[in-house]
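Protein chains: 2
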Amino acid sequence: MKNKVEPKTLTGFMELLPEKQILFNNMVDIIRSTYEKFGFLPIDTPIIESAEILLAKAGGETEKQIYRFEKGENDLALRFDLTVPLAKYVSINQNNITFPFRRYQIGKVYRGERPQKGRFREFYQCDIDIIGDGELNIINDAEIPSIIYNVFSRLGFSNFTIHFNNRKILNGLFEELELKSKTTDILRIIDKIEKIGKEAVINEIEKIGVDKEKIEKIIDFISITGNTDEKIEKLKYLNISNEEFNIGINELEDLVNYMRLFNVPDENFELDLTIARGLDYYTGTVYETFLNEYKQLGSVCSGGRYDNLAEFYTDKKFPGVGISIGLTRLFYQLNELGILTDGDKSIAKVLILPMDDNIEMCIKVANTLRENGINTEIYTNNNKKIKAKFKYADKLNIPYVIVIGEDEIKNNTVTLKNMETGEQESLSVQDVVLKIKKT
Amino acid sequence: MKNKVEPKTLTGFMELLPEKQILFNNMVDIIRSTYEKFGFLPIDTPIIESAEILLAKAGGETEKQIYRFEKGENDLALRFDLTVPLAKYVSINQNNITFPFRRYQIGKVYRGERPQKGRFREFYQCDIDIIGDGELNIINDAEIPSIIYNVFSRLGFSNFTIHFNNRKILNGLFEELELKSKTTDILRIIDKIEKIGKEAVINEIEKIGVDKEKIEKIIDFISITGNTDEKIEKLKYLNISNEEFNIGINELEDLVNYMRLFNVPDENFELDLTIARGLDYYTGTVYETFLNEYKQLGSVCSGGRYDNLAEFYTDKKFPGVGISIGLTRLFYQLNELGILTDGDKSIAKVLILPMDDNIEMCIKVANTLRENGINTEIYTNNNKKIKAKFKYADKLNIPYVIVIGEDEIKNNTVTLKNMETGEQESLSVQDVVLKIKKT
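The listed protein sequences correspond, in order, to chains H and S.
Here my numbering is used: the first residue of the first sequence is 2, the next is one more, and so on.
Here my numbering is used: the first residue of the second sequence is 2, the next is one more, and so on.
Do not rely on the hints blindly, as some may be mistaken.
No copy labels: a pair is met if it fits in one copy or bridges any two.
Claimed, not checked - Taking lysine-lysine and the BS3-like style, the derived pairs with C-alpha atoms no more than 27 angstroms apart in a straight line are:
| hint | residue 1 | residue 2 |
| --- | --- | --- |
| 1 | K213 | K438 |
| 2 | K438 | K365 |
| 3 | K411 | K365 |
| 4 | K72 | K9 |
| 5 | K436 | K208 |
| 6 | K317 | K9 |
| 7 | K436 | K58 |
| 8 | K346 | K72 |
| 9 | K411 | K118 |
| 10 | K215 | K396 |
| 11 | K237 | K5 |
| 12 | K118 | K439 |
No wet-lab data here; the hints were simulated from the structure.
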């Protein structure tokens, strides 16, 4: 016999105990059913792709983190997000899909990051995108916050804010200030303002050779205060004549109007002029979402509008707007915070305990419950003591236990115990069905 | 600008158009909810594991087919089934999980097979296993066919047969015939009887040096006819005194009794003495499932009882019983056969078509429908002609279209069109909700 191999799971890979997996799956189910409520279609692309496809647009960090390997003649890699596979999918299937193409995908992606607390090398992304064929109405940009609002409300949160901005405003401002070549650098610095503060931002921008007057204008801009409508009014009063800037303002106004029509409450959204989100991919609306009581989590749902989904594969223009939820990280953090106690924690609603070897009636009762859609388990370790049997139900958080022994068989009833209240009663099987279906 | 990369998906990887993905997901949902109805708990293990873990017990074909690669210092591999990860999971978590441990896992696995029609390198397995801590009641073996019966019934099949056997009978027979050292070879030959016929089986067994008299006994054994009860009776009359053989008969009898209690109809199961399933892993009950009208598909759901799930990782004995459905292959074959036309083919139940730029009422109606749990999409390509708008609903198989134009806004009604019947009526939004929720 071979020596034993020590069983272990790789660092940076989440593997949950069943009671936590149930909570994780509940979150997936809520996200999926919300995406479907808005009419998004499912797709499922391979986890392995040709490296050439995945790296067509990548560079820097992505290229370093990617899992890449050869199999036979093939240079392969594991997907590191769901956007590149979507671009590939739309390019390949452009004549067989219907635009606007609304798709969701929930799946695992891989990044060989340096392992650290709360960072995972395998993690779930839950993405939606709406892809147009050459054009895409701004209404779609406004529907996205409505989806975010629905998802996080149904996940049990109320105190969250969808921050949004429009890249055209930032781009237009920098064009106006003749700082276009420094856009990337300045945006990267502004992105850090929450972390490092205004003074540090000013210092850093100075260091890359922007003169004081222009820095002042940038700071005036990102310091605009007020509610969303007031901020938009103040943007107009900056009197910047740049065309892109003004298109950006119009898009923001449309976005806010439509968002309100989509019933996104004012307290759940906020124009945040400091958000840039990545550096050249997004071209219009951008979103970040914060749980206000847990701001340390960072944005829990981000995305935006882009002009050109598939430019590395095709000349055709596919503009789109989308968001992504990094569920594994979010789940990990919520669990660490101890706020994942709600929801169904068991799969079985009923555990049937045979009091002796006479299992016939137990099986029949299980059949009836299952036929009535009630998740049911029969405990089959007959040689365990009654206390151990109840402990099993307890450990699995099963809310109801049915006990069947001699008396029950004689009377053709069962004893139903509510594990939470301890209440116990003798009932017919039909009454058990009615009672449990009501809960 | 970089040159374009030709977008393509790797050979041997299934990537479906949305209308097929919906059908695939329906199947996953049915399998998952059936597994949960029987109280199985979800787990989700990483797709990447340490190669040492995955290959602890592998050899031969598996080792050749595995996707294995290095990342940094780590020798990694992609899982090729869900059983080895389960063995690892149970070994690691043995003190934190509750036995009998009933788990399901639905996920992708990887085998670098030679690409051929209907064979996939990435495919879904849908597994359940019941793992005991040192012991496991035979009732569990009988519950498995009841789960198979429920899954395939709910997938829309009625004409299918769960073939089962018990490895103890085969092992006992060979021990009795003093052919134990040839068991593996003989079983491999018997496994082919459906394909090559009885004569060829006799020839092949002869070639490995078994004498005529013993071959006759083997052939007598696998030729036993009759219904399940008759076959069991005939097994008894073979008068084989071997202990394992007789334990096997007892287990078969218990299995059949309990299966009937679990309401598995007699026409859906059959004792098949030729089934061996693998060569040394299984130790008791074994199952294969055939769709009788599509026998060419081979077994669509297989598994069995094993004594020792995790012997490569721990000295502790974890007996178990389980099955696996290779869903990607099954889906591919059913689709090729053209029998995948049933079920929901759309995600959205309603498409709202604005007749002009006045989209306000469209959004409000969408809000109401979505609040009432109706999957709804708003068509936002306003510059398309009315015909193109309806064509969109048609292509996505959306069953209802709501048209909102000037008249509808004035009267505060909507025009609801049933896309299947062509029927069209003017209704209040509340009546639309009632009507669609009834369907």
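Status of each hint after checking the structure:
1. In this assembly of identical chains, the alpha carbons of K213 and K438 never lie at most 27 angstroms apart, being 69 angstroms within a copy and 63 angstroms across copies at closest.
2. In this homomeric assembly, K438 and K365 come within 27 angstroms of each other (Cα to Cα) only inside a single copy, at 18 angstroms, whereas the closest approach across copies is 34 angstroms.
3. For a Cα distance limit of 27 angstroms, the shortest separation of K411 from K365 inside one copy, 15 angstroms, qualifies, whereas the shortest one across copies, 60 angstroms, does not.
4. With identical chains, the CA atoms of K72 and K9 are at most 27 angstroms apart both within one copy (25 angstroms) and between copies (17 angstroms).
5. Proximity of K436 to K208 under the C-alpha cut-off of 27 angstroms is found in neither arrangement, the shortest distances being 71 angstroms within a copy and 65 angstroms between copies.
6. In the homo-oligomer, the alpha carbons of K317 and K9 lie at most 27 angstroms apart only across protomers (16 angstroms), although the nearest pairing inside one protomer, at 47 angstroms, exceeds that limit.
7. In this homomeric assembly, K436 and K58 never come within 27 angstroms of each other (Cα to Cα): the closest approach is 58 angstroms inside a single copy and 48 angstroms across copies.
8. Taking CA atoms no more than 27 angstroms apart as the test, K346 paired with K72 passes in neither setting, with 42 angstroms inside one copy and 37 angstroms between copies.
9. Proximity of K411 and K118 under a CA criterion of 27 angstroms is satisfied in neither setting, with 58 angstroms inside one chain copy and 58 angstroms between copies.
10. In this homomeric assembly, K215 and K396 never come within 27 angstroms of each other (Cα to Cα): the closest approach is 64 angstroms inside a single copy and 53 angstroms across copies.
11. For a Cα distance limit of 27 angstroms, the shortest separation of K237 from K5 qualifies neither inside one copy, at 71 angstroms, nor across copies, at 40 angstroms.
12. When the C-alpha separation of K118 and K439 is checked against a cutoff of 27 angstroms, the pair qualifies neither within a copy, at 42 angstroms, nor between copies, at 49 angstroms.
Comparing the model with each numbered hint stated earlier shows that hints 1, 5, 7, 8, 9, 10, 11 and 12 do not hold.
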